[in-house]
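Student: Residue-level listing of the chains:
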Amino acid sequence: MTFEEKNLWAYGVASLVVPVAYFGWLVAQAQDTPAAEIGYLPALLWAIGLGIALNILGGIVAGLSNPAEVGKKDQRDRDVTRRGDAISFYVFSIAAAGPLVLAMADADTFWIANTLYAAYALTAVVGVAVKIVSYRKGL
Amino acid sequence: MSKGASAGKKNSQDCEEWEAMSRDEVYNWIFAVVSVIGLITYLAILIPRIIGTPASEVSYVAPLLWVFGTGMVVGFGVALAVRLASPKETKVRDERDKEIELIGQYVGSAFVTMGAIAALVLSILEVDHFWVSNSLFVGFLLAAVLSTFAKAAAYRGEYPEI
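Just so you know, the protein sequences line up as chains C and P, in that order. Counting from 0, one number per residue, gives the positions in the first sequence under numbering that gives the first Met the number 0. Counting from 0, one number per residue, gives the positions in the second sequence under numbering that gives the first Met the number 0.
In short, the hints are calculated from the structure, not lab data. From a predicted model like this one, the values you see are computed outputs, not experimental measurements. Hints are supplied without guarantee of correctness; some may be wrong.
As the list claims (entries may be wrong) - Here are a few chain C residues that face chain P, going by a calculated C-beta distance under 8 Å: (1) Ile37; (2) Trp45; (3) Arg81; (4) Phe91; (5) Ser92; (6) Ile93; (7) Pro98; (8) Ala102; (9) Asp105; (10) Ile111; (11) Ala112; (12) Leu115; (13) Ala118.
As the list claims (entries may be wrong) - Cross-link-like lysine-lysine pairs, in silico, DSS-like; alpha carbons within 27 Å at most: (14) Lys71/C / Lys87/P; (15) Lys97/P / Lys72/C; (16) Lys72/C / Lys136/C; (17) Lys71/C / Lys5/C; (18) Lys136/C / Lys5/C; (19) Lys71/C / Lys136/C; (20) Lys5/C / Lys72/C; (21) Lys87/P / Lys97/P; (22) Lys136/C / Lys97/P.
Stated by the list, open to error - Covered by chain C, per the in silico footprint, the following chain P stretches (three or more residues, Cβ under 8 Å): (23) 103–112; (24) 126–138.
Glycine is no exception: its CB is placed at the ideal position from the N, C-alpha and C atoms.
Build out the structure end to end from the sequences listed, making use of the hints.
Tutor: Here is the structure:
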């Protein structure tokens, strides 16, 4: 596994675990509280911060496990990154239309903020999945 | 079969200047022009409306949908017409087209992402929805304008390898 691929796994785990935990918590809250009254903001900010922190930490761990490889990219790493980023761009552009429609329809801020976060989370997971599959199965 | 081939040949003689441009470059120019007109039109409608009026009272949804819808229909309509009219040999995408496509994607995703981050911050701050919608939509428009212009420049000059 190249440094890029290890880094990717770390990013993948962080970008899957954090949103799943957040949305799990949110659904649990929504069981007995109306959506507009849920105090989601501190949890959302924690989820965003934790996602970034875990991503950096994952990169450090991936780097420490084989310091000689850090920052080395071969042609395959580049091709995989390009394909993953291209698909991520289209996924995010389409997913971001959801919050735009909600904002135009004057939906509650709760829905706009959470669909935006969901768009990021979805894009991260799809991007990592495409890249990992590309590494494993070839381009 | 032979009829189609001769028609294609005639067509390529008619528009010789196209031979210097790949089909992707022609498409890119179409989208560049459409997105610039879209951005200017939208801002020209919106800026007079927001001056002196509270954001919550500005009606922006109709212009937004019109600019988006018209831009899509015109952009893809003209691109389709070019596709149907252009000779077959220009339809091949080469390595250069693909590399330049990547430049457009990176520039575009930067602006879509910035618009979305701004929208997230604005919605968390409970700012009027006018600003949330427009940071997303103007982010999209800027992404379209700047990515097509970056690609147009890349086609005509040096470009960095991504």
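Student: If a hint holds in the structure, say so; if it doesn't, say that too.
Tutor: Results for each hint:
Interface hint at Ile37/C: violated, since its Cβ lies 14 Å from the closest Cβ of chain P, which is beyond the 8 Å cut-off. Because the closest C-beta pair between Trp45/C and chain P is about 13 Å apart, greater than 8 Å, the hint is violated. Below 8 Å, beta-carbon pairs count as interface contacts, and Arg81/C has one with chain P at about 6 Å; its hint therefore holds. For the restraint placing Phe91/C at the interface with chain P, the shortest Cβ-Cβ distance is roughly 6 Å, inside the 8 Å limit, so the hint holds.
Interface restraint check: Ser92/C against chain P, minimum CB-CB distance 5 Å, threshold 8 Å, status holds. A least Cβ separation of about 10 Å between Ile93/C and chain P goes past the 8 Å threshold, and the interface hint is therefore violated. Because the closest C-beta pair between Pro98/C and chain P is about 7 Å apart, less than 8 Å, the hint holds. Given hint, Ala102/C at the interface with chain P, holds; its Cβ is 4 Å from that chain's nearest Cβ, closer than 8 Å.
Taking 8 Å as the C-beta contact cut-off toward chain P, the hint placing Asp105/C at the interface holds, the least distance being around 5 Å. Interface hint status for Ile111/C: upheld, as the beta-carbon distance to the closest one in chain P is roughly 4 Å, under 8 Å. Against a cut-off of 8 Å between C-beta atoms, the interface hint on Ala112/C holds, since the closest Cβ of chain P lies about 5 Å away. The beta carbon of Leu115/C is positioned within 8 Å of a beta carbon in chain P (closest approach about 5 Å), and the interface hint is therefore held.
Taking 8 Å as the C-beta cut-off, the interface hint given for Ala118/C holds, the closest approach to chain P being about 7 Å. A distance of roughly 41 Å separates the Cα atoms of Lys71/C and Lys87/P; the hinted pair therefore is violated under the 27 Å criterion. For the hint pairing Lys97/P with Lys72/C, the CA-to-CA distance comes to about 20 Å; that is within 27 Å, so the pair holds. Distance check on the hinted pair: Lys72/C and Lys136/C sit about 19 Å apart at the alpha-carbon level, within 27 Å; holds.
As the CA atoms of Lys71/C and Lys5/C are separated by approximately 12 Å, the hinted pair is consistent with the 27 Å bound. Proposed proximity of Lys136/C and Lys5/C is supported: the alpha carbons are some 16 Å apart, at most 27 Å. Between Lys71/C and Lys136/C the alpha-carbon distance is near 21 Å, which keeps this suggested pair within the 27 Å criterion. This hinted pair checks out: Lys5/C and Lys72/C have alpha carbons roughly 12 Å apart, not beyond 27 Å.
Only pairs whose Cα atoms come within 27 Å are accepted, and Lys87/P paired with Lys97/P is accepted, the gap being roughly 19 Å. A threshold of 27 Å between alpha carbons decides the hint, and for Lys136/C with Lys97/P the separation of about 22 Å falls inside it, so the pair holds. A stretch counts as covered by a chain when three or more of its residues have a beta carbon under 8 Å from one of that chain; for the region 103–112 of chain P and chain C the count is 6, and the coverage holds. Using a Cβ-Cβ cut-off of 8 Å, 5 residues of the region 126–138 of chain P lie near chain C, which meets the minimum of three, so the contact claim holds.
Of the numbered hints stated above, those contradicted by the structure are hints 1, 2, 6 and 14, listed in ascending order.
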